[in-house]
Every structure is written in structure tokens, then in C-alpha cells.
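**Q** With the sequences and hints as input, model every part of the structure.
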Amino acid sequence: MTDTRPTPDAPVRPAEPTAVPVPRPHRAAHPEPRDAFRLPLLSFVLAGCAVAVVLGVYAAEHEPAGYSLDVPGFSSPLYVKTWLTTAAAVLGVVQLLTAARMHDAGARPWTRTLHRWSGRVSVLLTVPVVVHCVYALGFQSGSTRALVHSALGCFFYGVFVTKMLALTRPGLPRWAVPVSGGLLFTTLIALWFSSSLWVFTSSGFRF
Amino acid sequence: MSARRRRTTGPLATLAAVVLFTVVLFAANSRVDEQAGAAPSYPDGSSGSATATPSAEPSAEPTAEPSPTPSPEAPPAQQAVFAGLTSGGEATLAMAVNDGAAAAYLCDGSEIEAWLQGTVDGETMTLTGRNGAGLTGTVTDSAVLGTVTTSTGLTLPFSAALSTPPAGVYESRTTIDGLATRIGWAVLPDGTQVGVATIGGEKQPAPPFDPASGSFELDGTTGTAEPVDGSDTVVGG
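Protein chains in written order, with the UniProt record's numbering: chain A, 1 to 207; chain B, 1 to 237.
Derived from the structure by calculation, the hints contain no laboratory data. Note that the Cβ used here is the ideal one computed from N, Cα and C, for glycine as well. Hints should not be assumed to be uniformly reliable.
As the list claims (entries may be wrong) - Per the computed footprint, the stretches of chain A lying under chain B, defined by three or more beta-carbons under 8 Å from a beta-carbon of chain B, are:
# : segment
1 : 40–52
2 : 118–131
3 : 154–165
Claimed, not checked - Computed far set for chain B versus chain A, every beta-carbon distance over 12 Å:
# : residue
4 : Gln-79
5 : Thr-155
6 : Val-234
**A** In C-alpha cells, the structure reads:
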């Protein structure tokens with residue numbers, strides 16, 4: 001059948017029953033001036049920078065112990081880290097998929113819970129990995145991969161701290177949380193590429 | 001209101017959980033590190049936590065070795081390398097002195113291994129390592145004589161003569177198959193290399209390195225042995 005435009009005098013198809021959302025008030029509704037957010041945001045970013053720098057300096061200065069606590073069930077500590085990172089990266093993808101729903105009023109409530117808890121579990125999974133990296137290996141610059149991985153690892157926790165602090169302030173610019181979240185996701189995936197994928201391709205895909 | 005409260009406390013709780021978990025893991029690692037002295041599997045110098053504790057041991061034990069040619073006020077060599085053996089030939093010892101700082105490596109090529117760090121004050125050398133390892137010695141113009149204690153409690157008298165390259169302490173840190181690897185060599189004046197490679201906590205004899213370039217190969221990975229200076233950090237950090 002052919003699709004014809006309704007003639008002007010044809011009855012206009014009734015609009016979807018009151019699905020028109022009331023446009024939510026924009027930022028202009030806030031009486032605070034823009035600059036009110038600058039100082040908190042700057043301090044959060046600086047806190048993140050401090051965490052990244054402290055982590056990097058400690059990793060570089062601490063004499064690598066060469067080993068760390070082991071987790072049973074894997075063939076070596078290397079694979080424990082590899083799989084923890086892989087799990088964290090998968091949860092990172094969940095983060096990416098659910099992130100847009102965080103500010104969608106129509107989203108189902110569980111997507112927000114999923115976003116929050118996948119993020120928490122993801123970052124907690126990375127903690128044993130980073131402790132092993134920092135404690136047993138240290139900041140390494142022997143190869144490009146190690147240098148990039150070391151630097152990104154420090155950066156990751158800096159961004160994480162910045163984002164967690166930024167979330168505590170509801171009034172920050174709209175881009176603050178998506179940008180920090182995007183950086184976190186990108187860094188996490190880059191960390192996975194520079195570690196787990198490297199292990200899987202160089203040492204074999206196994207547990 | 002409660003939603004807003006949750007919004008501000010949730011991320012902070014996450015942050016706190018991550019920090020707490022990190023601290024707990026670090027503390028657990030440090031504890032394991034201190035106890036590792038009981039097992040001879042990893043007796044070399046590694047973590048900062050142990051550096052303070054063993055200092056009492058060398059001071060409690062007076063320098064038993066006679067100090068020949070006690071030239072008082074003999075300033076220790078500005079920068080020098082000493083190399084020698086323990087009196088029973090159990091292990092090779094090399095040490096590097098730089099002004100008042102000294103670093104030493106004791107090794108038998110398989111089991112005994114100790115990284116030591118400390119100072120030279122006048123003619124007294126006092127070095128400490130991890131898990132109770134230590135060294136006390138008397139520095140003369142031509143030699144260091146004293147006693148070295150391993151982390152397993154072995155106390156060995158030694159003499160190390162002033163030496164020239166290739167003698168010295170050499171070290172390499174690298175990553176082999178993702179495992180942190182530290183290799184130490186004590187090199188005698190005749191070029192004999194005695195070393196241990198610790199790969200992810202497992203010890204094996206160190207590969208020989210080329211005295212000219214320092215390059216070596218281990219498990220298909222190439223690396224470079226770096227000469228250790230007396231002021232380099234080999235213990236703790």
C-alpha cells in the first residue's frame with residue numbers, strides 16, 4: 001500500500017497519548033552562577049591528580065617485592081591478575097551500556113542499581129591487581145607496553161577518585177561525570193589491552 | 001531528600017571501600033613479607049618494612065674479626081669496589097662503596113643470597129638487609145674484613161679485597177613472562193660471576209652476562225646487568 005501524506009483537511013492523527021514529556025528545566029533554573037562549580041571541580045581534579053602522582057611515585061620508589069599474595073585456583077599469579085582485569089573490563093562494558101540511563105527519567109530503576117554496583121565490583125576487582133602491580137612490580141618503563149600500562153594505571157585511580165568526589169556534588173556541570181566516566185572506561189579498556197590481552201596472546205589463553 | 005543523601009554518600013562509600021581494601025591488601029602483603037624470612041625461598045632484600053628491624057643485630061655483635069693494619073682515621077676510599085669470599089668458601093661477596101654509603105651482594109649461586117645496604121663510618125662498615133641479614137666489617141685501604149649474616153641465620157666471616165672492574169656488584173630488574181625478576185651478581189676480579197635470578201619468588205642460577213656490555217639472556221628475554229654503586233638503593237625503598 002502506498003503511504004500518502006494526509007491532506008491538510010484530513011483529520012490529524014491523534015498524538016501519542018500524552019507521551020510528550022514536560023521539558024525539564026535546564027541549568028538556567030539554578031540561581032547559582034556558573035563559577036560556583038569551578039572551585040569544587042578543580043579541587044576534585046587536583047585530588048585525582050594527587051592520587052595518580054602519589055601512586056606513581058610510590059610504585060617507582062618502592063623496591064619491588066617480586067611477589068605478592070596469591071589467589072588459589074589459577075595457574076599463576078599472572079593469570080589471577082589477568083582474569084581479575086578481564087572481569088573488571090567486562091563490568092566496565094556494563095558500565096558503559098548503563099551509563100546513559102543514569103539520567104534518563106524513564107529508565108527502569110534497576111539499570112541505575114546495575115550501573116552503581118557493576119562499577120563498585122569492577123573497581124574492587126582491580127584493587128588486588130593494582131596492589132600486586134605496585135607492590136610486586138613497581139612503575140616500569142622497560143618497554144612501551146609496560147610504560148603505557150604503568151602510566152595509565154596511575155591515571156585510572158586518579159580519574160576514579162575525581163569521579164567519586166564529583167558524584168557527591170549534584171550541581172556540577174553536566175559534562176563532568178560523563179567525561180570522567182568515559183575516561184575511566186577508556187583507561188580501563190586500555191589497561192586490559194596492555195596487560196590481559198598481552199598475557200593471553202604471549203603466554204596463552206588459560207586460567 | 002534521602003535520595004540526595006544517598007547520592008552524596010554512595011560514591012564516598014565506594015571510595016572508602018576501595019581505599020580500605022587497598023590498605024588491607026598492602027598490610028597483608030607487608031606481613032607476608034616480614035614472615036618470608038622463615039622460608040628461605042626469598043631471603044634477599046625487598047621490602048622497606050624489614051630494613052629497620054635488623055639493625056640491632058649487627059650492633060649487638062662486636063666486630064669479631066681482627067682488623068689488620070688499623071690505620072686510624074684512614075678515610076675509606078671515595079668510590080671503591082671490594083670483592084671476595086666467605087672464609088669457608090661458601091659464598092661470594094662483592095660490595096660497592098661510594099663516600100659513606102655502601103651496597104653489597106652476597107651469593108652462592110643457588111641458595112644463599114642477600115642484598116645489603118648501609119654506611120661506612122670511619123673504618124666501620126655496617127650493612128643491613130632484609131629478614132635479619134646484616135654485615136659488619138672493618139674497612140682498610142686494601143680490604144674489608146668482617147662477618148656477614150644471612151637471612152637464614154648463617155654467620156660467615158669474610159674478607160673482600162679492593163678490586164677493579166670487572167669485579168663488583170651487578171643487578172638487573174626485569175619482567176619475564178609478567179613475573180618480576182631480580183638478578184644479582186657478585187663478580188670477582190678474575191671475572192668469575194656468581195649470581196642468582198629470582199623470578200616471581202623462585203630462585204635459579206643467574207645467567208652469565210657479557211662483561212663488556214652487561215647483556216644477558218634468560219628464558220628468551222634479554223636484559224642488561226647494571227653495575228651497582230654504593231649509593232644505589234638495593235634494600236627497601
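**Q** Each hint: holds or not?
**A** Verification of the hints:
1. 40–52: violated (count 0)
2. 118–131: holds (count 8)
3. 154–165: holds (count 5)
4. Gln-79: holds (23 Å)
5. Thr-155: For Thr-155 (chain B), whose nearest Cβ neighbour in chain A is about 25 Å away, the distance exceeds 12 Å, so it holds.
6. Val-234: violated (8 Å)
Hints 1, 6 from the list above are not met by this structure, while the remaining hints are.
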